[in-house]
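Number of protein chains: 2
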Amino acid sequence: MKVGSQSWKFNNNVYLLETATAVGPLESQGPLKDDFDILYDEPYCGQKSWEQAESQLMRSAIQKVINKAKIKESDISVSFAGDLVNQIVPTHYVFRETNIPFFGIYGACSTSMESLLLSSIFVDSDNAKIALAATSSHNSSAERQYRNPTEYGGPKPDTAQYTVTGSGVALVSHKKTKIRIESGTVGIIVDAAQNDANDMGSAMAPAAAQTIKQHFQDLGLDPSYYDLILTGDLATCGSPILIDILKGEGYDISQQHNDCGKLIFSDDQPVFAGGSGCGCCAVVTYGHIKKLLEEKKLKHVLVVATGALLNPIILQQKETIPCIAHAVALCAAD
Amino acid sequence: MKVGSQSWKFNNNVYLLETATAVGPLESQGPLKDDFDILYDEPYCGQKSWEQAESQLMRSAIQKVINKAKIKESDISVSFAGDLVNQIVPTHYVFRETNIPFFGIYGACSTSMESLLLSSIFVDSDNAKIALAATSSHNSSAERQYRNPTEYGGPKPDTAQYTVTGSGVALVSHKKTKIRIESGTVGIIVDAAQNDANDMGSAMAPAAAQTIKQHFQDLGLDPSYYDLILTGDLATCGSPILIDILKGEGYDISQQHNDCGKLIFSDDQPVFAGGSGCGCCAVVTYGHIKKLLEEKKLKHVLVVATGALLNPIILQQKETIPCIAHAVALCAAD
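Line order of the protein sequences matches chains F and B.
FYI, numbering that gives the first Met the number 0 numbers position 170 of the first sequence as 169, with every residue one higher than the one before it.
FYI, numbering that gives the first Met the number 0 numbers position 61 of the second sequence as 60, with every residue one higher than the one before it.
Read the hints as simulated data drawn from the structure, not as lab findings.
Misleading hints may appear alongside valid ones.
Note that the list lumps identical chains together, so a pair holds whenever it fits in one copy or between two copies.
What the hints assert, rightly or not - Straight-line alpha carbon distances no greater than 30 Å define the calculated DSSO-like cross-link-like pairs of lysine-lysine that follow:
#: 1; residue 1: K63; residue 2: K1
#: 2; residue 1: K317; residue 2: K47
#: 3; residue 1: K47; residue 2: K290
#: 4; residue 1: K47; residue 2: K63
#: 5; residue 1: K295; residue 2: K175
#: 6; residue 1: K155; residue 2: K1
#: 7; residue 1: K128; residue 2: K246
#: 8; residue 1: K1; residue 2: K128
It should be emphasised that the depicted structure is a prediction, and the values quoted were computed from it without experimental measurement.
Using the sequences provided together with the hints, build the complete structure.
Written as structure tokens, this is what we have:
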């Protein structure tokens, strides 16, 4: 049910049926490695190109989630999926192998929660029995598309983020599980007049702040309702900016806030300000956070996926980067 | 309400509240020119780049539809929008000027009906009071991205299609108007093993056939139910292939079929096999077809938007082109 200007409250028993994650080599060495389902030890994932490797990440995660949930592919009513590559091709090359009804979406790194929010709305309103949300990113396919040829090797500033190689997928249905999807908030596009493709966190923080503030207002909540408000991915540069903006709006989230881009790597890994990419929030949420909710180490989590809607041609035309954030609230079910 | 494996039947009074269209110079000289709201007489539409021109097409169409429907921007509950440019930036640069809740989607030329189908599902299930579906394409921004530098001037084969410069937008709500949205069918991805970026119609025909056949099966209909089955855009090459495939499946649509890519230009315009681009199906449907439905010259129309999910990098990797088609059925309301 829609509440307020940007949110939905899911009163109709919407649950995370199952999730699955697949990650690349650097993520397989990080602090969350035990929480992922499939670990690839080389960046091609057995394929011939980075784009095909990204498809392989999503393909294996989808096969895994279908197996874990003990369903058939034909049980999936509808899917919402996308990635960072132009024309979301890694996603298309996975879904052409299936007969799953398919809605392609694009929200840069916000795609993970855009797909989970749409899946939840469809299940809540009985437009789908089982909905599939899928997203992926690959460091090398993203790097050459958005910044420089991957082999270029130019030095990066500390504000840069490292695109995660990984895919996270989720199934949503009415079947009671340990994780209920409580509510969600769709974003509006916010442009903070930033144009540095090596500082996405600062660009995205104002969009995250707008969505979080509206989430509280639409649902009549305050930060204390959540044990964790998890952005994906503001990393070390954007996170303090988000906290500052919301403090100015009267919301102190400093105790509850953390960021997927900070959690997925350790300080000694070569990732500058932290992780990013639509795979980052997806694998952290569907791997790590799901486990903590199932173990009841977390009760109420708001996942806020942030997207920098960046395009190199438009930046060359001296434009700034519009951003968006979509949020979904998960809770440990009784 | 979901029916069958890929379709929805809208029993809950879903209507096309209003539409608006904006087109470029070649479209303004074509046979449908009197059916469009806004005609630009030069390809930059008063802007400094083709991408910005594409934004201007969508921006002016959205302003127009809001004015025609006599609503305020804040009355729009949710929007589904996208275009052909990498990262759908023309769309993002329009929506950053608004506070409209935004879901970015990507379906190549199928985006027009993907956005109208999602809007209709949201209104049917009371997840939105007024939903906005918007899409655009621009010949020059598409040409340089998908094929060759626009100034290159290489000759094209007769199978090539000409990307329409235009934007079509629609508002969907429960308010009774002359056009009811009856049903819709989401596509699955079909790859016909075609890899020629200058023959999209042949690549897309099998995806259109799958969606149309499933539409008939899910809703218990046959071709005779429709006065017009309108694809967008198979043009002159893909259209006979679609008719042949469906004949082989037991459905003869030869009497009802037409194609947006054939309707929007006349034979003496320099457009090879006809129009394409997600603006094509949008402006033909929301300009021309809407008028014919309002005048009751058409009663039941199935609009089938077809997308070639083409990416130049993947074609260089010797891959083929996956395709998809989404359908929405419109009828003249009593």
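Among all the numbered hints in the text so far, which are the ones the structure does not match? 3, 6 and 7
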